[in-house]
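Enquirer: Chain Y: place on chain G using the hints.
Number of protein chains: 2
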Amino acid sequence: MPHTHTSYLELIKTVREIGMLKSVAGVLNWDEHTQLPPKGTEHRATQVSLLAKIIHEKFSSAHVGHLITEMEASDLLHDPQSDAAVNVRELRRDYDRAVRVPSSLVQEISRVAVLAQSAWAEARRKSSYGDFQPFLARILDLKREEAECVGYRTCPYDALLDEYEPGETTANLNVVFASLRDKLVALIGRIGASGRKTPLDILERYYPREAQEKFARMAAMKIGFDFQAGRLDTTVHPFCSDLGPGDTRLTTRYDENYFGDAFFGVMHEAGHGLYDQGLKPEYFGTPLGEAISLGIHESQSRTWENLVGRSGVFWKHFFPLVKDAFPAALAGVSEEQWVFAANDIRPSFIRVEADEATYNLHILLRFELEQALLHEDLQAADLPGAWNEKMKQYLGIVPLDDAHGCLQDIHWSMGAIGYFPTYTLGNLYAAQFFEQAQADLGDLDRQIAAGNFAPLLAWLRKNIHSHGRRYSAGQLVKKITGKELSSEPLLKHLGKKAREWYGV
Amino acid sequence: MPHTHTSYLELIKTVREIGMLKSVAGVLNWDEHTQLPPKGTEHRATQVSLLAKIIHEKFSSAHVGHLITEMEASDLLHDPQSDAAVNVRELRRDYDRAVRVPSSLVQEISRVAVLAQSAWAEARRKSSYGDFQPFLARILDLKREEAECVGYRTCPYDALLDEYEPGETTANLNVVFASLRDKLVALIGRIGASGRKTPLDILERYYPREAQEKFARMAAMKIGFDFQAGRLDTTVHPFCSDLGPGDTRLTTRYDENYFGDAFFGVMHEAGHGLYDQGLKPEYFGTPLGEAISLGIHESQSRTWENLVGRSGVFWKHFFPLVKDAFPAALAGVSEEQWVFAANDIRPSFIRVEADEATYNLHILLRFELEQALLHEDLQAADLPGAWNEKMKQYLGIVPLDDAHGCLQDIHWSMGAIGYFPTYTLGNLYAAQFFEQAQADLGDLDRQIAAGNFAPLLAWLRKNIHSHGRRYSAGQLVKKITGKELSSEPLLKHLGKKAREWYGV
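Chains as they are written, first to last, in this note's numbering: chain G, 1 to 504; chain Y, 1 to 504.
Only chain G is shown next, with the shape it has when bound in the complex (with noise of 0.2 Å):
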């Protein structure tokens, strides 16, 4: 028992060293997007594949497998809801995946999605698409040579999905994907078919920039993010860092000429960086200060921009905070109207542009897509005639050209396939979890509306962010709402968006 008790200590402290040392790629990643001057570029390259070099030796070395191994024998996993049996099972889990797929395997991955993601961009520039072709087949061949490697139940899918989703399933994401689709392919239709449109043209009147970063970052201090122990930075594409322990890191971009960019990215990164900010600091390091996935991630990002920051009773306390930092845009404007113009709901064309209930049809599409691409049941070749097929069905709408259409996200040449489902996962999860939040807090409403956001924070921070990965995603949502994984919750919370502001 000491000796097992040292061997715990002795792992511990190994992967605290290996978290400590992510810790220190991540800044020299968030430095890459928001400091680094476009010499250092080419350096800033080997340094951080010398450290990935060094994680990864270090995590999959024979020590690590020895010490969970050992771990997996002793007494001091008898109640499998302690400390140490759940680093443990995660360490096992992380441990498997790394040593599972040969580090030539890796590698050649990395080689060709460095080339993919080139070639992607210069295919989207000219929406080419038989220019990126190979390269999606080529990565396509690699990723299920991936899959074998990792191994699966039921389809190669499931080895990538488990990657950024740990034990969820395709099996199970397709029949509650399902039970989502249809209904919001319909109600999107009665949306369109209501001839009611937003006045979308308010929110993109001028809008300062200085302006809007003190009101935004207002905002994320108001829902509770500590800027004490973080950061808002400007950059191309937005994040949220987690940089360990007090410094956690949004980052957004100004568009001077619409109000909606910058304001509703930083309450999505503001979500994100509170999980962050909510994960135990003694625990750093370990699966249990970890984050549970991708989805569960998205679902605390969806519930601040989406749930709470769209919403009628956040407005209430905030529409004349907005109108006092805008006079000129918002002149004559009224908070209906306002309201109204945040929650737009119409098909578009580009994922990262679309509204809260035809976003999961983009993300439906691409999962529906990606599965049959790794399947083997669509050939890369066939993938801009099957996505448009899909869009027309699903949004009623065929792009123009590949830039708009199968060639706009950069995902598939970076080799993230099973990455997708995430999104809308989280917006699933925080809808399930919203309405279980409103039942336990009683007044929710009426505490939004008072700019009192305490509550909220307390009870996501005590359901979910101080659990780590202690429970899997399926297990949280199981624990925490009673039910398992639905669409329902999601589809309600549209549905009555769509009767308040399109009356159908």
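Heads up, a few of these hints could be off.
Pairs involving identical chains hold if they fit within one copy or between any two copies, as the list cannot separate such chains.
[To be verified] Cross-link-like lysine-lysine pairs, in silico, DSS-like; alpha carbons within 27 Å at most:
{"id": "1", "residue 1": "K22", "residue 2": "K39"}
{"id": "2", "residue 1": "K280", "residue 2": "K39"}
{"id": "3", "residue 1": "K39", "residue 2": "K222"}
{"id": "4", "residue 1": "K13", "residue 2": "K53"}
{"id": "5", "residue 1": "K22", "residue 2": "K53"}
{"id": "6", "residue 1": "K479", "residue 2": "K462"}
{"id": "7", "residue 1": "K478", "residue 2": "K392"}
{"id": "8", "residue 1": "K39", "residue 2": "K478"}
{"id": "9", "residue 1": "K390", "residue 2": "K22"}
{"id": "10", "residue 1": "K462", "residue 2": "K39"}
{"id": "11", "residue 1": "K22", "residue 2": "K58"}
{"id": "12", "residue 1": "K13", "residue 2": "K58"}
{"id": "13", "residue 1": "K392", "residue 2": "K58"}
{"id": "14", "residue 1": "K53", "residue 2": "K492"}
{"id": "15", "residue 1": "K214", "residue 2": "K39"}
{"id": "16", "residue 1": "K197", "residue 2": "K462"}
{"id": "17", "residue 1": "K13", "residue 2": "K39"}
{"id": "18", "residue 1": "K58", "residue 2": "K222"}
Everything labelled a hint here was simulated from the structure, so no lab data went into it.
Expert: Relative to the frame of chain G, chain Y by itself:
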């Protein structure tokens, strides 16, 4: 021979990786002083110390030791000026330093230094030397122990000096500095007696922060700092970070009621930055890609700050520009008044605020006192008295309290003993190099007056920057100027200023 060659490649690969990790630590350090949110401090300290441990272990490993020893016996080093010979010579130097001091002692010095810094900060705040004295005594004991581990020819101070100024000796500095001291004391006395006072108030008018930044950035660009491979940011204690090829970062601070702080600060840091940007990227991570010494580094900053930036010819080009940038502050100010204001010489208490001439006496005083302390010719308890006596002797003034006397600098509390002389070495090197550059470039004054800094920069690149650690500082001085290090060029330069502005 092929085997030896393989060992050399292995050695270079290893030290390059170490250099890469050091540059990662550099990013953490820069970030800490410009970006880090307050609550991230503790985590950053852990990241930094883990990285320091990894770097130390990698470099002081038996493997590196064997490779160096193997190379020393190899044919590859027959030509002592070959790249391989230079790298191995310098790596031996670094390796011996790294392994001779036991890590228990290194850790104890770090530990005590943390306590001593905080005791020093508090003692300075209260101007209560007694509170700091036991920490200083302990630091001195530990540094004596370190000197014994490192080894030395003549005196323990040699061992410490050698860390910052490789190859330099206490005996040589005592001779060179003595020849500077007496003449400088006399010169400053004559300046004081002249009764002429610079129109200092010109620099103390209102200089808006943004205009200061724009102007300083423009000047840094004009002298050749490449902002595609660097940045300029704000911090509390300005520094320059070399984060690797293509990434050199300057920092400064702005006082809206004093022009000199930011402007000459940026010229100073840009001088450091130009050295870093002039190191050959292909040598990164090896001694041939590193700066020679703190003194040589300082010579580059002093060249641009003082020899160029405070010269009359520099302002021939820049005075119209500065007048445009600050029309209100400079209304009615003549070029002559402006340059005189930038060349104030008068005794003061605080080193970091001292002018180009008196600064060196602040250094000489510290150099003499730290030698005496280390060699136990002076007891820590007697420091304040000795300090004040020398202030009186060299600068004719005595501080009213120790906060403005022996407690003003952080260096000793950090264990940095042997560091101070590199500041004045920088001034000496700078003046001696500059005299040679004037001889070599012929019309340097005219080039500077025309805002053409390319010939001077090219001269510095060719003669100094591009060599890395191929030559020691002393060798480089001899190679470039044909003479040993001497105080004459600096005294000549200061003498000329004294004649020009004070008529003495």
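Enquirer: Give a verdict on every hint.
Expert: Against the structure, the hints:
no., hint, verdict
1, K22 to K39, "both (24 Å within a copy, 19 Å between copies)"
2, K280 to K39, "between (38 Å within a copy, 14 Å between copies)"
3, K39 to K222, "between (39 Å within a copy, 19 Å between copies)"
4, K13 to K53, "both (19 Å within a copy, 14 Å between copies)"
5, K22 to K53, "both (11 Å within a copy, 16 Å between copies)"
6, K479 to K462, "within (12 Å within a copy, 69 Å between copies)"
7, K478 to K392, "neither (35 Å within a copy, 79 Å between copies)"
8, K39 to K478, "neither (50 Å within a copy, 35 Å between copies)"
9, K390 to K22, "neither (39 Å within a copy, 51 Å between copies)"
10, K462 to K39, "between (45 Å within a copy, 22 Å between copies)"
11, K22 to K58, "both (11 Å within a copy, 19 Å between copies)"
12, K13 to K58, "both (12 Å within a copy, 19 Å between copies)"
13, K392 to K58, "neither (49 Å within a copy, 59 Å between copies)"
14, K53 to K492, "neither (47 Å within a copy, 55 Å between copies)"
15, K214 to K39, "between (31 Å within a copy, 22 Å between copies)"
16, K197 to K462, "neither (40 Å within a copy, 68 Å between copies)"
17, K13 to K39, "between (37 Å within a copy, 23 Å between copies)"
18, K58 to K222, "neither (41 Å within a copy, 47 Å between copies)"
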